[in-house]
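**Student:** Okay, here's what each chain looks like letter by letter:
2 protein chains.
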Amino acid sequence: MAHKLENMLEDVPSDIDIAQAATPLPILEIAREAGIKDEELEMYGWTKAKVSLDVRERLADQKNGNYIVVTAITPTPLGEGKTTTTVGLSQALGAHLDKKVMTCIRQPSMGPTFSIKGGAAGGGYSQVIPMEEFNLHGTGDIHAISIANNVLAAAIDTRLFHEASQSDEALYRRLTPAKKGVRSFSPSMLRRLKKLGIDKTNPEDLTAEEAARFARLDIDPDTITWRRVVDCNDRMMRGITIGTGPKEKGRTRETGFDITVASEIMAILALATSLPDMRERLGRMVIGMSRSGVPVTAEDIGCAGALTVLMKDALKPTMMQTLEGTPAMIHAGPFANIAHGNSSIVADQIALKLVGEDGYVVTEAGFGADIGMEKFFNIKCRYSGLVPNAVVLVATVRALKTHGGGPKVTPGKPLDRAYTEENLELLEEGLSNLRAHIKNARMYGVPVVVAINKFHTDTDNEVEMIRKAAVEAGAVDAVMSDHWALGGLGASNLAEAVVKACEMESDFKFLYDLDLPIKEKIEIICKEMYNADGVEYSEKAEEQIASYEANGFGGLPMCMAKTHLSISHDPELKGWPTGFTVPIREIRASVGSGFLYPLLGTMSTMPGYPTRPAYYDIDIDMETGQIVGMF
Amino acid sequence: MAHKLENMLEDVPSDIDIAQAATPLPILEIAREAGIKDEELEMYGWTKAKVSLDVRERLADQKNGNYIVVTAITPTPLGEGKTTTTVGLSQALGAHLDKKVMTCIRQPSMGPTFSIKGGAAGGGYSQVIPMEEFNLHGTGDIHAISIANNVLAAAIDTRLFHEASQSDEALYRRLTPAKKGVRSFSPSMLRRLKKLGIDKTNPEDLTAEEAARFARLDIDPDTITWRRVVDCNDRMMRGITIGTGPKEKGRTRETGFDITVASEIMAILALATSLPDMRERLGRMVIGMSRSGVPVTAEDIGCAGALTVLMKDALKPTMMQTLEGTPAMIHAGPFANIAHGNSSIVADQIALKLVGEDGYVVTEAGFGADIGMEKFFNIKCRYSGLVPNAVVLVATVRALKTHGGGPKVTPGKPLDRAYTEENLELLEEGLSNLRAHIKNARMYGVPVVVAINKFHTDTDNEVEMIRKAAVEAGAVDAVMSDHWALGGLGASNLAEAVVKACEMESDFKFLYDLDLPIKEKIEIICKEMYNADGVEYSEKAEEQIASYEANGFGGLPMCMAKTHLSISHDPELKGWPTGFTVPIREIRASVGSGFLYPLLGTMSTMPGYPTRPAYYDIDIDMETGQIVGMF
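Line order of the protein sequences matches chains A and B. If you count the first sequence from 1, position 84 lands on 67 in our numbering, and the numbers rise without skipping. If you count the second sequence from 1, position 308 lands on 291 in our numbering, and the numbers rise without skipping.
Treat the hints with caution; some may be incorrect.
Any copy, or any two copies together, can satisfy a pair, since identical chains are not distinguished.
[Unchecked claim] The list that follows gives simulated cross-link-like pairs (lysine-lysine, DSSO-like), each with its CA atoms no further than 30 Å apart:
1) K20 x K391
2) K163 x K178
3) K230 x K523
4) K162 x K451
5) K502 x K492
To be clear, the hints were calculated from the coordinates, so they are not data collected in a lab. Just so you know, these numbers come straight off a predicted model, no measurement behind them.
Sequences are here, hints too, so could you generate the full structure?
**Tutor:** Here it is in structure tokens:
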């Protein structure tokens, strides 16, 4: 199936033009060649298919392939081409080095699709296709998350509404009504009874006190952290007052919307290792606190089973293909600040079994290595049990120059000449950022290859300066890669370097132990990864730490929510900052996902559209039936 | 493919038990046998597939099959089994009478799925399978509507937000920014220019006055009728205040959420006849008025093209199958009060071509014949150009007894003895309702067959009384049908009567001409269909009528939004009410769908969950992987 691209144009066309000019191969054939049986596949059209987790079980005795994570130096707001490199490297491994390969990347939100142009399927001659389907509905996973998230929200408000107007006795009676003369608890109710230590299974047997404890969750509305979601940029929904309708009896409440990919259910999809594991995680999600300070979960609300039913198809990764016919798994796309920013565990696990001992799985971690890679190692690999073989660190001349003090880079504005002409002084100054990330990656005991993602304005001197610095800093190699303009061919040298890195000894280790106190875990990350002098906690954060440790959440890993524009907490600090103290404003709990997330700044979980977003241009050409105006 | 059901149990199991016990045939084979080519099909798993509209074009020269609409007498709140009859009749035609047949029904909302138990896939041994997939995500059409609806909502608020803070000149500049030095209008902007009578295509050429007129929609926030949607029962979202977040500068606005199936985009999906037609309808949707009283459309907002892109896959009907292996098309599910309550035009058109001259397409119209059938004829058939051959009017002993003065029937409560024992007096009294609907259906010149949907408590005397009355009132025949307990076998006599009815002469005509004034159209419906003495208009309705006629919307058909529990506007008036005047509270415009909808009462467009909704019971059995607790 894998095939070298031909007829590439020197004047590289737009992403959508390249993607639409390609004829995707039938995904059924790609899947068969990858070793998937037809009965393990569910087609979604002819170019997308969901892959059953049964593959992993069937190949349990197969050895895993090589596991490569693509990360980056601290990027500019434009991004430095991690996904493009991930796809290009995969194309090189599969179509040029004849290796078995699989690319595992995130499904993007539709927020950016209709806002500021820029797809998430890679770019140039290194893309996942069909890119329109990749950037639109996919196989519906994000829609499933939206509705599951919002059913839970509706269920929370339903419970508040009914508890407010009913006595304990009436509430209990209505929660356990007689059907054909028989009252019964649902399975989720039996779980709640167990949590309450009530060892009874017949609703008739509970004492009035037990019935009241069971029936009244007594949620404190002011503590509810569960928000509704929508998969578009809807800034006016950031803060809303609900219940203002005439039938809602004045029971208004302040809440708001996040973009769907910020939902805890998205993080769970990425971290769940099986359907039963997903069921348990959904049940453990904490939506708020009771008036007596007890965490209230989705299980208590009674709809964790229903959420699992809504999410059961989403748990199956989606197979698509690259421009050179290598298989790609698209699965989950959690935020990289308030969540861990990595594609799913199950996709990686399936892929590693499918490619086998001599094969390669290339996955990507969001933002820079201080964020996405750290979380890949300490959260994702911890929950998956998988051991990475190599880190690919993407660097660009442009980003390194910003770290050397180059002028500010702003999306939509032309680049300064500092970036389009050779400037070795700026570059040299900025190499500290590269060194920091190489040092950080090496701490985990995994070989590092630097990929210099080529721009046509880069000069040989600039590339050579980066290469030398990278190797001196401990990288196995540093290779210029021109996959954007040349597809897999352009990444062949990079692929060879990665193959060599995977052959080296590696000795993967986590950065911290889970059983350390919360503060100690945070401090290890801040000092070791960010180079901070220390950490300061707000009063709120101190209270939250005490509460989480009291409630048994202290053993979770930390998922730092911080800017991606600096290794530090401060987006203005470029290069390899020193002499700063990290302020922790607040710490939130994502108990279902299985992490706590300290906030090091203000994180927007709902973007807005600019005055002329992409939706003005997106349409269908009725002559050809093709989408136009997208990217 | 069509096959008679075997091993039916006398003690009919639950719907989900019957559905899960059946092994669906590969939908690819069913589609091939129906005459669909592989390249016209997109698989969604192995039991669902989307069908391309190309089928209709390819078979354009083929004669249409027989077109049968299933409707009902005025139902109880429990429903009288229209879908079950539709499916059972199809199974009888296909598996027992060996006819080519296709069932065209609506996709249900997930609101009821997680609220009060009751699927929409039929019931007993007459179901569309897999019923879980039918009642959950399907092929994602409703999700596409949700996001399209909400992107438009976000775009409206984005425009309000940016217009509020920018001068005409800045607004125009930001709407037409230079890209690589060139400013350009998007296709949707060119459409707006045309509407404004500005015949220029270069942004540089507009005068300041033209630029201001183009750029400033000047929407009056109080006139915005476009609401957001979610596909679950979320009563606290009926009324909300948005924009309360700190960054939204106090620009709050009152609005609310409807359930997704109440979105105008759902009605458009059901009525669009092609992709270009859907594009035009989406563009025509009126979202509110400018301060100078001009209707503002989705086209003006600039995102009709993007909505079309989001909806392009949803326009393809989904093929599934019945328990007896006959093909079913599942497509669109608009409300039957504020919209027209019928499945899609394109599914019917494709199905009629596929079954061919000697085949049968069985579709269903929502609520009683006074609502769904009237709209089927006057709205759906008017836009499709299709001519129906027969009406099947579903009646039950239970519903007829309520019309005879039987005690109130309430969901979740046991039925009164009047309904479970023979009671010929009540029944006789209630037959007036049956007579009214037969008379109404006959008005359209189409033969009527009454289907007496059998309950095990019905007696032979009761069935015979209905039969006689139906034939006397002008029905071709009235046949007891036991498809719930026996599948197609139980509906064989009904199927034979329907085949005979289709062989009869029919002379289909609309009830009113579109070019009549709005009031006259309303009065014809109220007098002819509802038997009203007359119509009264509120002051608001009078104003709206004047405004719609002034804005060129007067030529649209009327889509009456009224109770389904009476032929009149008053749910308490049972049987065949006389001597009442219909009050028109308000008239709303669904310009994209292509109808006006007069409100004859308060229509809830957002249901709420009860204290113990179905989500408490819905879960996955981790041993078998099957869904439990659903229905």
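**Student:** Each of the hints needs a verdict: does it hold here or not?
**Tutor:** Structure-based check of each hint:
no., hint, in the structure
1, K20 x K391, "neither (51 Å within a copy, 56 Å between copies)"
2, K163 x K178, "within (28 Å within a copy, 62 Å between copies)"
3, K230 x K523, "between (37 Å within a copy, 23 Å between copies)"
4, K162 x K451, "neither (75 Å within a copy, 38 Å between copies)"
5, K502 x K492, "within (20 Å within a copy, 78 Å between copies)"
Taken one by one, the earlier hints fail for this structure at numbers 1, 4, listed in ascending order.
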